[in-house]
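Enquirer: Listed here are the chains, written in short residue letters.
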Amino acid sequence: MEGLFSVTWVVPIPPFLAFLAILLFLNKNKRGSALTAIGSALISCVLGWGIAFASFFRDHFGDHPVDEAIYAIPTGATELVIGYAVDPANALMLFMVPFLVLMIFIYSSGYMSFPHHLKAEQYPTAYAQGKDPRYSRFMAYICLFATGMLGLVVANNLLQFFVFWEVMGLCSYLLIGFWYEKASARAAAVKAFITTRIGDALLMIGLILLYVRSEPSTLRFSELFTKTNLDQLAQTLVDLPLFGEVHWISLIGVLIFCGAIGKSAQFPLHIWLPDAMEGPTPVSAMIHAATMVSAGVFLLVRMFPIYEFSGKVSGETLQFVAFIGAFTALFAATIAVAQWDIKRVLAYSTISQLGYMVAAIGMGAYVAALFHLLTHAFFKALLFLGSGSVIHGVEHGYHHAHEHAHDDHGDSHAEYIVPRADGVLDTEDAQDMRNMGGLLSRMPRTGWTFIIGGLALSGFPLFTSGFWSKDEILAFAWDGNHQWVFWTLALSAFLTAFYTMRQIGLTFLGRARTEGASHAPESVASMTTPLILISIFAIAGGWFGIPEAFPVLGGAVPNWIAHFLEPYMKYMHLYPHHPDFNFVPLAVSIVVALGGLAAGYLVYGQGLKEGQTDPVARILGPIWWMWHRKYWIDELYNGTIVLITMWLSRFLALFDREWIIDWVVNGVGRVAIRIGDLTSAFDRFVVDGFVDGVGWISDQAGHIARLLQDGRVQTYLLFGMLILAVWLFLNVLPMILTLV
Amino acid sequence: MESPDSIVLTILLFWPLVSALLVILLGSSDSFIKKLSIWASLLPLALSVYLLFAYDSDMGGMQFEQFAKWIPQLNAGYHLGVDGLSIPLIFLTTLLSTLSLYYSAGVINERVKEYFFLMHLLEFSMIGVFLALDYVLFYVFWEISLVPMYFLIGIWGGENRGYAATKFFIYTLVGSVAMLLAILGVYFATGTFDIVEAAAAQPFAGNLTLASLAFWGFFLGFAFKVPSFPFHTWLPDAHTEAPTAGSVILAGVLLKLGAYGMLRIMLPSFPEASVYWATWIVGLGAIAIVYGAFVCVAQTDLKRLIAYSSVSHMGYVMLGIGAAAAVMTPDALDGAVNRFGLTGEAIQDSAAMALNGAALQMFNHGIITGALFFLVGIIYERAHTRDLARFGGLATRTPHFYGLMLVAAFASLGLPGLAGFWAELFTFRGAFAIMPYWAAFGTIGIVITAVYILYRIIQNVFLGEYDPSKHSHWTTVQGEHADGPTDMVGFEKVTMWPLVAAMFLIGIYPTPLVSYFNQSARELLAFVQNLG
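Residue numbers (this note's numbering), protein chains in the order written: chain A, 1 to 740; chain B, 741 to 1272.
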């Protein structure tokens, strides 16, 4: 067993080697790249699962987590250690991440067919193969992405965590902008990177301050989370401008949280995630479910002792975290109700669910946050992959329809654009749910697995994993008397169930509304098999965390996840807390889930009729429109932050070229010219008197004069000499005088 | 006494001069000159690699030292030596020189003999600056380095080369003269031109006014070279007009001479003045980081953009040096201990990290920006324009070029896993412990850097569909007509791969490189803390 733990550092390596191998050697071989990528993910998965299960079945693992150094970087008299760790928290991630990565890789190998926005004649070979022309590159990128996530999971210190965190940021940039021929994809990629970079910069400040203030100065988790260090951080104060005196631990906690805000797309840095849907769908599943966005929450889980101890001296940090989480959960859920793009609905749903986890952290619900992270990863990956399968099918449907009808596709797109009361509709858009309907009969595997994922997301009682993890968070909110958070989360749970049912209704129920939907084929086995496998976890994943106090079921099935994590919490000086059983949160949880689903079914159960606008849009009017336009946050940012940045950069560039140079320098030159005849004598005086020792200078002066006759350079020369003279006068004279 | 180690530095120093003379004497044909130059440059490269391995880091300090009388009337000696700071920088110099010569062999076809002569002369002067431990020697090499660069820009440069060359020359000359006066001041105060001895004698100790004057004399000399905001305006012009290899050497090595001088001369010689003026250095550094980054965002010329990014990136060096300068005396260290509630050891480690960050940034910026300038040259040879508005869609057309540019650009952005990150991290780690507010201000640059790298460079040059109507005049690298952009050819790849490999290696495993710098940083801190 020890032997297995000692190779934990190997887990991220196979995908990295695959990344290099594909880029360097397999660039032209699409099949070879896919197999290499899948093979590497399989190795990582086997290793990861081996390590995870070894830790699951080991007694008292939480009291003896693994933490080993690989190498160290010298920092003055001390060292910065790079290494790996295995503890219950990341063992659970080692179970979830590589498995989903493997599934997503297999799915991708089928998904990445020739994209419809490219012209076939430009890429004849790829078109003939029916694969994306950059298929291999895609495989390489997702391999690097997997490296990032796995590396982050096994990191034993915050710096290493941050390194891999940023590697994922790079990959998400590359993958979101993968179809960079599309202007929207390019813009989305840049937006994603820069928005998260704002959070990352703050996270880096937090990380550095933690590094500076810890005693001993370290970033290694095992050394950071000692009682002495945490107490010391909680007791020392820092005097900040504007905020006054705050505890170091609170400041550090908030800054690190900013990193999670960026990465986990919490308000106000959530704007990048919906746009990130421009990437190929497997990317959405990777980024928005299994890996990158959960990394933000995993960061909070990793840094949980900081938040716990900050709560002991001041509740403000935790309140802030809980507020952002709960607010985001509701805020994003409202937007999701009014979206048409099948992936955007899921994107906002992800933001909302991440808000749940963040709120859980803010309330101190460590186990519940991690539990929801895991269950959500499975069912949201399922939903994303399912939506990808739907898009794929509808695209094929359109393609099929066009082949049999007229061949004018791509000549003029304008005729497909229909302005509607519920937003502009592109009748050829394979992602717009208004163009779907009735797909359950055409794509049964995709449809039923999607419904399973949807029910899990809605928190359908007892059967689905989402119910158990969400219920745990609600129970915690109720028990901790976080009334405000509780009702906010409950309301967003209702909306979640509602928009999920809306999505299912619009996509799979009723009748096909377009030719694309009526001709959509079921996807290939390499895509549907992962769906079926993941859907097992989307249901069963919840059964490992049934609270003991739950009526009937509680105790019958052991609350395994709590048993596994709690010793580790104690090891980190945290005190696990079990909410007392109460019927109110349970009832609320069941009512909102079933109520939302029922309401959704009432409205959208038969789909929409062709041309029918959204009934909710009609009822809510401007409110719906506000949701549809995402509260105009993008417009707000474009009008303020983006504008100011661009304006400032132009201003400074102008300042640098025009003002400093032409105005100051040339102005001084003009003054010098006014001295008139004196200048040339002055010139000679300076040159001869002081720089004579370096003989070539006068040659240069002649050279310069010959080379340039625009007058500008002469003023330069004068300016230079003038400075020299002033310098001599002011500095050397007194110096020589003192010395003499 | 007569072990090869005793003359290794002399060989390293003079071999490039010998190469330059060989080019003049034996240079019968262009192709022979090119071959001769490339092969000749391998010896200094090999010797610098030898130094990396042969340097005894347990012993530390100056090693491979050489003394000889040089100009007895002036009391100037021939004193050479290397330590943990200079060895990696010498390696950087020889590496970039060899790569530049190799690359130039592929693209320079006019006045070949003069060009390669000047390149060797340039290498000679740069190695000289890093080796010299005597002020006169230092100054001579410092000044010599101006000349070849002046001619490289003035003869092989772009359209506006005369203006740029002159501006470069005059600006740095103003700085040089200030430095010369400071050197004289130090000489009059200590009676020696030996850099190590003079530092040990602590010129103007106790007299802050005079120490400050000398400090500022050196500072001007070095700051013009770095270049520090607001002395940077020569840089964009010089870079934009210089031939590719000139830009590479200019950004890669010449800028480092300034920062090297600060570390080698200013901090150990004037600890009190360093403490007194530290906030200025840090402030100028932090402003340079943010200001340079903002100016980059608005650039339309690819090369000019990268030139401004140098202003921003060299700001990190200043930030690190300034932060360490703030605790150069025992009193200042105590002050920091009281102010921040940290132990003296913790502050010293922070200062060491700030110095490590600065030195790493010097090295990494050399590798990364060197690579970026090569890449700009590679595309310029084909497009004959650097106007960002005329590119687009090159990712599909030139995948190899795109891949390498991505790596270099992201390394420049400070992406973890690549070289640039460690420098940024350690600089900020050191600076946050000592000058937190300026450091916090500097972090704005991290975000803005992402904006200009992604938004200006990658998006404008590479993404989107290739549109032939934007730019019609494409050639191959040999100058033959081409229908569109063509991907990198063999010699360009060979030039780039060592640099890209270095970015990965340092990014993944920075320990060996940091160890050298850490050694000299600790020695410097121990030296100033144990004075008097």
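I should point out that these hints are in silico values taken from the structure, not numbers from a laboratory.
A couple of the hints might just be wrong.
Here are some of the chain A residues that sit facing chain B, going by a computed Cβ distance under 10 Å [unchecked claim]:
hint, residue
1, R31
2, T75
3, E166
4, L174
5, A201
6, F267
7, T427
8, Q431
No residue lacks a Cβ here, since even glycine has one placed at the ideal position from N, Cα and C.
Enquirer: For every hint, state whether the structure bears it out.
Expert: Each hint, compared with the structure:
Because the smallest distance between the Cβ of A/R31 and any Cβ of chain B comes to about 19 Å, over 10 Å, the interface hint for this residue is violated. At a threshold of 10 Å, the smallest CB-CB gap from A/T75 to chain B is about 5 Å, leaving the interface hint in force. Using the Cβ-Cβ criterion of 10 Å, the hint placing A/E166 at the interface with chain B is satisfied: the shortest such distance is roughly 4 Å. Interface restraint check for A/L174: the shortest CB-CB distance to chain B comes to about 8 Å, inside 10 Å, so the restraint holds.
With its C-beta approaching chain B no nearer than about 5 Å, A/A201 sits inside the 10 Å limit, and its interface hint holds. Checking A/F267 against chain B: minimum C-beta separation of about 19 Å lies over 10 Å; hint violated. A hinted interface residue such as A/T427 counts as satisfied when its beta carbon comes closer than 10 Å to some beta carbon of chain B; here the least separation is about 25 Å, so the hint is violated. The beta carbon of A/Q431 comes no nearer than 21 Å to any beta carbon in chain B, farther than 10 Å, and the hint placing it at the interface is violated.
Taken one by one, the earlier hints fail for this structure at numbers 1, 6, 7, 8, listed in ascending order.
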